[in-house]
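Participant: Residues per chain are reported as follows:
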Amino acid sequence: MSERKTDIGPPHYEQFLPPIIKENYGKWKYHEIPEPGVLKHVSESGAELYSVRAGASRLISTDFVREVCDLADKFCDGYFRFTSRNNIEFLLTDKARIEPLKKDLKELGWPVGGTGHSVTSIIHTQGWVHCHTPAIDASGPVKAVMDDLFEYFGSHQLPAQVRIALACCINMCGAVHCSDIAMCGVHRTVPKIDHQKLRHLCEIPTTIASCPTGAIRPHPDKSIKSVVVNEPRCMYCGNCYTMCPALPCFDSEKGGVALLVGGKVSNAKSPPAFSRLAVPYIPNNPPRWPETVETIRKILIKYAEGANKWERLGEWIERIGWEKFFEVCDLPFTFQHIDDYKFQAYETYRTSMHFKF
Amino acid sequence: MSERKTDIGPPHYEQFLPPIIKENYGKWKYHEIPEPGVLKHVSESGAELYSVRAGASRLISTDFVREVCDLADKFCDGYFRFTSRNNIEFLLTDKARIEPLKKDLKELGWPVGGTGHSVTSIIHTQGWVHCHTPAIDASGPVKAVMDDLFEYFGSHQLPAQVRIALACCINMCGAVHCSDIAMCGVHRTVPKIDHQKLRHLCEIPTTIASCPTGAIRPHPDKSIKSVVVNEPRCMYCGNCYTMCPALPCFDSEKGGVALLVGGKVSNAKSPPAFSRLAVPYIPNNPPRWPETVETIRKILIKYAEGANKWERLGEWIERIGWEKFFEVCDLPFTFQHIDDYKFQAYETYRTSMHFKF
Amino acid sequence: MSKTPLLDQLESGPWPSFVTDLKRIAAKKPQVLDLLGQLERSYQEKITHWKHGGIVGVLGYGSGIIGRYSDLPDEFPGVEHFHTMRINQPSGWFYTTAALRQLCDIWDKHGSSVMNLHGATGDVIFLGCRTENLEPCFAELTAAGWDLGGSGSTFRSPSCCVGPARCEWSCYDTMEACYEITQEMQFDLHRPSYPYKYKIKFSGCPNDCVAAVARADLSVIGVWKDDIRVDQSAVQAYAGGELKPKGGGAHVDKLDVQADVVGLCPTYCMSYDGKTLKIDDRNCNHCMHCINMMPQALRPGTETGAAILLGSHAPILEGAQLSWVIQPFMVMESPYDEFKELNSRITEWWAEHGKNRERVGELILRLGMREFLEAAELPPAPQQVRIPRANPFFFWNQSDFDAEAKGRKYYQTEGFDVE
Amino acid sequence: MSKTPLLDQLESGPWPSFVTDLKRIAAKKPQVLDLLGQLERSYQEKITHWKHGGIVGVLGYGSGIIGRYSDLPDEFPGVEHFHTMRINQPSGWFYTTAALRQLCDIWDKHGSSVMNLHGATGDVIFLGCRTENLEPCFAELTAAGWDLGGSGSTFRSPSCCVGPARCEWSCYDTMEACYEITQEMQFDLHRPSYPYKYKIKFSGCPNDCVAAVARADLSVIGVWKDDIRVDQSAVQAYAGGELKPKGGGAHVDKLDVQADVVGLCPTYCMSYDGKTLKIDDRNCNHCMHCINMMPQALRPGTETGAAILLGSHAPILEGAQLSWVIQPFMVMESPYDEFKELNSRITEWWAEHGKNRERVGELILRLGMREFLEAAELPPAPQQVRIPRANPFFFWNQSDFDAEAKGRKYYQTEGFDVE
Ligand code: SRM
Ligand code: SRM
Ligand code: SRM
Ligand code: SRM
Ligand code: SF4
Ligand code: SF4
Ligand code: SF4
Ligand code: SF4
Ligand code: SF4
Ligand code: SF4
Ligand code: SF4
Ligand code: SF4
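Protein chains in written order, with our numbering: chain G, 1 to 357; chain W, 1 to 357; chain V, 1 to 419; chain R, 1 to 419.
Next comes chain G alone, as it looks inside the complex (with noise of 0.2 Å):
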């Protein structure tokens, strides 16, 4: 053990960066977009470099990983990277190269695109692959959608980007609160207290303390050295569940999907925004959701019929209105899309006659 290495960090990224992005590095002057998936960045010297943008599924086996090496050697000397949606970045020096590797991408069954104004790939989570406490799985709903929306992965054809993500509960592990569009796991039952498990299992006062609408109260019959939970005050965050595996808050039916739509994260014209309620609840759908899927094709549709070009969906409906929105794309609006959650309520409201009929 005396060799034992620790607290040594990441490999420096220098050994894994081609060498032309070693000469260019700090020095590129613009980029290009030829067609979808494909980008190309000139340096100031001159220097041209080709990145190829394949989609894949993110939860994927070492024999993947070994197939995309197999044709990052066979195209790019070795060399490629991730891009922050776990998109496949292939570098290539060699222009002509590129149809070549696109043919076999093809063949492989990976698609190519995620760039401009497309619907790249759908940032998500563990989903019942590896959670404890999703409400629903994560990769099979971003299957489901990515199949449905598979045009627009690789095509330029929207308004602007479209970003979506997925997070299997409110714990919101993706980028789900801010997202053009978010499908985001929600439970709808109150823990059910495993008092037996839960007194020996669980600190009743930071059981007690992990409620943030103050729900939980001690067991008013001091015997049993457990807690109680105020139904009425519990809105299913299972953070108490975090704390107390004894409180778990699943159920078979309850459970399902809630669409937020809106957000965005670049400065770009508007500033970053949260993505806001548009559907609280869809039903829990394996394995194709495809009510869920429905629901977020309509949204597109009508993004792309209505927005002005180069409007972000958020900034969209921020044009037309919230009323309009609902309006447009036929969803209900119900007492759940009232923000009632403490201070930060007041902000939703409309406290002026802006709005319309």
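Rather than coming from a laboratory, the hints here were simulated on the basis of the structure. Be aware that one or more of the hints could be misleading.
[Said to hold, decoys possible] Result set (DSS-like, lysine-lysine): computed pairs, CA atoms no more than 25 Å apart in a straight line: (1) 269/W / 309/G; (2) 275/R / 29/G; (3) 23/V / 109/V.
[Said to hold, decoys possible] Partial chain W-side listing against chain R, Cβ under 10 Å, derived: (4) 212; (5) 258; (6) 274; (7) 325; (8) 336.
[As the list claims (entries may be wrong)] Where chain V lies over chain W, by a calculated footprint (3+ residues, C-beta under 8 Å): (9) 30-36; (10) 72-85; (11) 337-351.
All residues carry an ideal CB built from backbone N, CA and C; glycine is no exception.
Chain G is already provided as a structure; the job is to place chains W, V and R with the ligands on it using the hints.
Facilitator: Positioned in the frame of chain G, the structure of chains W, V and R with the ligands alone reads:
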């Protein structure tokens, strides 16, 4: 006492309406503002009503009111009204009588104006003339500011209307929280507790509950039956004094004026908006509050110079950005400007790269 | 030498001087001399010399009078008692000289002769009455047809913009609504039975000339549902400079219809080809800008009523609020039954659940919008929010699940609606 | 008949199928067969079958591993233990095939062969390791030059956009900064000593391609202070249609410079007369829109650095937050001392005052911005706020009065400054 009348409510307005209004009630077609201080309303019937608007102090004597009545008898058959901003409106049917009325008004020293793109009368409160919680006087600063901005009352030279208000304490009995420019009296002294008085006059639990920041606690020495204030948590709102007279927070030296700017009420173009802190403190300086007057003029002038036509003061600031407002008006930015009051604070932070250097 | 050297400095300058006015009254009214004396002292010491409140009133009323006592009664005996009387103003602040002279007579007889026309809430304010004169003064007032306004934890004197009496844009009869509701609420106006104050203000259109959205718990703001009425020839007259922008109220003489009107429409729902002004009325948000600019060419539509907004108040306790939309459209016609019923549901719910000194807008924030809307029997509507919630912390009631079980998918008024 | 009829339905369709991929691995790895079996069960029952967490790890580290146990271990013994290993990715997610093949070898040997490239924070994620394999796997990883990333209440693996490696807009060296800070923070990355998680993300410009503003407590976003560099002839080429908007990434072939660029500039600081594009750079707010539209004509200036923003996180506990500006401009150059020192002051203050599971952004809201800024030794700056406070509830510290007494009028960094 048998014939004692109660709950009769105000007199019916109809008896106070001049015939021309009774006849054209609800039939007005359009208006013009032929000159500052004069409104012309034209009915569908063709009838024309002229309103001549005069400014006055709001703190007046019955002598003054009788003088107004004399004028109204002379020019308007005894009919007149007051506006929602305490201006007097003489209601004329004969256009030819406008000039003679204006002449009389001039002799009396009552300015004509307050219409259109002017600075109309300042909405204000009682101050040292009548209230128990003011940090500043009301009528005095109002007189001083209107003397200074006099040229803007009787003209339409500003980019839009400018509404000024004053409240003598943070209870904000004026429309200070939604005004283009607002003076607000602020205390900066922690309540001085009169323990002797408190035990007799105040309920301790109500007193404790009255403090929005939870700064008040029971006196540690229970025999004293009073309270103590946790000084660093007190922001001098005076709410405890309202509930308990044994907790005055006045101070001859530390009180003063805060200036807030950029609020509005109408929905024209932009929605109603709160005024925002521009200057956290200007010393209390009777009888003419020169630093306050000067700072208001500075802001008004910079606005008049910088705003696009039709832009309200707050719309101008929003367009150039608050950082530029502070720069252009040469006002220091301090910790006091940054909201730290509970959760609303978050909404005021800059969560984007949208700022200027 | 003058006894009020500081105040004297407020006698110069072009704006009318309250000091000059009070001084002439002081010649007749010794209490006003003391008022000026005490005020001068405040000017020297930069501190108020009024004691904390004190409860005084007239028989059977719990409101309308604000007790006020000097803390220097020995020096200024005239202001030892100096109570306020709030007298409920007539709709739109219209008067005849006869009526106002009568008020002056009463006040000269029983009080200091000092007043405000008007208080910030809208009342006629008599400043400076001794306790023993309150009742006689009140008796004369009611005899003359006047009554006290509100104060304390009551319904407060409502007020309204001039509306149809002199404005072409009023979308309902603000004057009548204000009068009717004031009469309806007399009991609550004079007897403190609420958790805190409760104000109503009526504005005839979204210009909101009584600042209802900012200063009334219940803000009633006129609006139209149909199309803006356009007189195209008048549009041409504005474009050509024959008619002046804002009827002459602006610093600009000639309107640029494209830049000044169309270009500043917040919803981008207008267009102008140099000849015809087109408005996509379904996307107009009633901001009034275009109408304000060209009053002779544009007018609100004819299917009119009011939007009902709730919740505004000044900063005490948790920061100021503006009223928010709770019902986007209500027809406002005498006898205003729908309005009165809604108003009762609001005040009843608030009276039941509100804590002492909690405005209704604060209560809604504490208990949640849904609880309020259900109590007020108002359905959720997207007009109520500027933007839907961002957080995922929403509740489901048993009623939602019940409706869902019946095959309905989304909760609306009561239960879920089939999609 | 297939054991996974529901999952099988995810094998069709044009998007690559994780089911197909996992199935082929399942042939070699029995635990993956069990993974698919348990997942099928979840698809049937619409419920997760993973037990609540469980603390496992490697020697000396308190992070980098997420314990995961099946609640159906008898049925699916292969996933009884199925822990996650988070391996800190290299800056910008660049790899050589050699390096990635080596990672695959290690993972085939010690784990399930299932992974994510990458996790949402940025790490390489190995999914499915038995407890007893963690240590050997870790040993091989470090031997190969890899280390674990963060988890739990630690500093988390930072990430960065591709920056100067392949982007012309990067205002500082995101790749280097990310590497340097990651190395600097190794101790805090592996040993939970914070109240909760703490993330840093580096974006080279305001396009923010790693979503730093939304997903990192400390968001470092590149920006320039001087003027946008303009190539007027390239502007003409865009106007003429020779160059395509967004380099071809859009649905529009020809740019309308006036409508698409100038007209959409959020600060209205551009103008174009058909020949020359003018920018009033003092009023530009660096939104990147114009640069994004005409990448061959416009570039950020050359006086570059980063803005430092703080506080973002997902909705737990009080709703999501975006990071806010705490320092509008910092020069970002190796060895990043100013940055490191600021970062230490932040984490120290937070570690001292933060409650368990309280993100730094939440702590600031609880204790107040001033307390934070003073601890971080940052002066108040108008860039920190979108808009100043509306409420009048502000504090004055003794230091303010002291400075005032010295004749200074307004508090700035420490004490009041003479006006
Ligand atoms: C490769 C990548 C960075 C990386 O280090 O991995 C990247 C690369 C580029 N981004 Fe990005 N962005 C990348 C994620 C992002 C993200 C983050 C995200 O989506 O999670 C954002 C913020 C998204 C948001 O606002 O919600 C982002 C917002 C932008 C924008 C702003 C667009 C807008 O209108 O809001 C631009 C400018 C543009 O596209 O005109 C941009 C522009 C670019 C450019 C053109 C920069 C350049 O000159 O090289 C690159 C190619 C863009 C393209 O694909 O069309 N990049 N870009 C990321 C690719 C993700 C993917 O695989 O799809
Ligand atoms: C008389 C009065 C109503 C009353 O019942 O007493 C009134 C009367 C008119 N208002 Fe008003 N407004 C009156 C207080 C207000 C207020 C309330 C306030 O200031 O406290 C507002 C909201 C102020 C705000 O937004 O902060 C107000 C916002 C407007 C607007 C919106 C202007 C804007 O650009 O925001 C208009 C339209 C315009 O002026 O173009 C308007 C228009 C008008 C018109 C033109 C309506 C009409 O067709 O008759 C009237 C003459 C305007 C003028 O004086 O230029 N009125 N108006 C009030 C006169 C106050 C005074 O003596 O100065
Ligand atoms: C007289 C008047 C100011 C004036 O000079 O015009 C006034 C005077 C007082 N107001 Fe006011 N308020 C007056 C209109 C307002 C308004 C404006 C309005 O009604 O349109 C507001 C803001 C709107 C609102 O209601 O929020 C207002 C918000 C307050 C508040 C803060 C309430 C809040 O929720 O934030 C207080 C504090 C309190 O209630 O303890 C207050 C309290 C007071 C008290 C009663 C002081 C107290 O704590 O006892 C003042 C009595 C002064 C006196 O000696 O008569 N006054 N007060 C106004 C009433 C005249 C009238 O009846 O016409
Ligand atoms: C693996 C990953 C999702 C993924 O599939 O990519 C993930 C998985 C978990 N996250 Fe996360 N989070 C992951 C990125 C994020 C992100 C995104 C980011 O870092 O950019 C966020 C939002 C940003 C943020 O930090 O706020 C995120 C916000 C949370 C939260 C809510 C934190 C909050 O302040 O709101 C929790 C709840 C908690 O901490 O108890 C959480 C908790 C968890 C836990 C540890 C569940 C738990 O309570 O124990 C999940 C373990 C799953 C597993 O089996 O491995 N995770 N989590 C991501 C980490 C991979 C990596 O290291 O690269
Ligand atoms: S979003 Fe929730 S369920 Fe999904 S990975 Fe994150 S913590 Fe787990
Ligand atoms: S799920 Fe959330 S709201 Fe419900 S009891 Fe648990 S912590 Fe509280
Ligand atoms: S603002 Fe304050 S001091 Fe002035 S009248 Fe109102 S309550 Fe009194
Ligand atoms: S003045 Fe306000 S903050 Fe200070 S103790 Fe009294 S109630 Fe609390
Ligand atoms: S609120 Fe509208 S209707 Fe009333 S006076 Fe003002 S402009 Fe006219
Ligand atoms: S009222 Fe306002 S929103 Fe409607 S058309 Fe006119 S300017 Fe546009
Ligand atoms: S954030 Fe800016 S510098 Fe970084 S990759 Fe995106 S566009 Fe380039
Ligand atoms: S970066 Fe944005 S704000 Fe600056 S000039 Fe370009 S479009 Fe305008």
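Participant: State for each hint whether it applies.
Facilitator: Consistency of the hints with the structure:
1. 269/W / 309/G: holds (24 Å)
2. 275/R / 29/G: holds (23 Å)
3. 23/V / 109/V: Holds: residue 23/V and residue 109/V sit about 18 Å apart, inside 25 Å.
4. 212: It holds, given that the least Cβ distance between residue 212/W and chain R is near 7 Å, below 10 Å.
5. 258: holds (6 Å)
6. 274: Holds: closest Cβ of chain R sits about 4 Å from residue 274/W, inside 10 Å.
7. 325: The hint holds - residue 325/W has a Cβ within 10 Å of chain R, the shortest such distance being about 8 Å.
8. 336: It holds, given that the least Cβ distance between residue 336/W and chain R is near 4 Å, below 10 Å.
9. 30-36: Held - the segment 30-36 of chain W has 6 residues with a Cβ nearer than 8 Å to chain V, which meets the minimum of three.
10. 72-85: Holds, because 9 residues of the segment 72-85 of chain W bring their Cβ atoms closer than 8 Å to Cβ atoms of chain V.
11. 337-351: holds (count 3)
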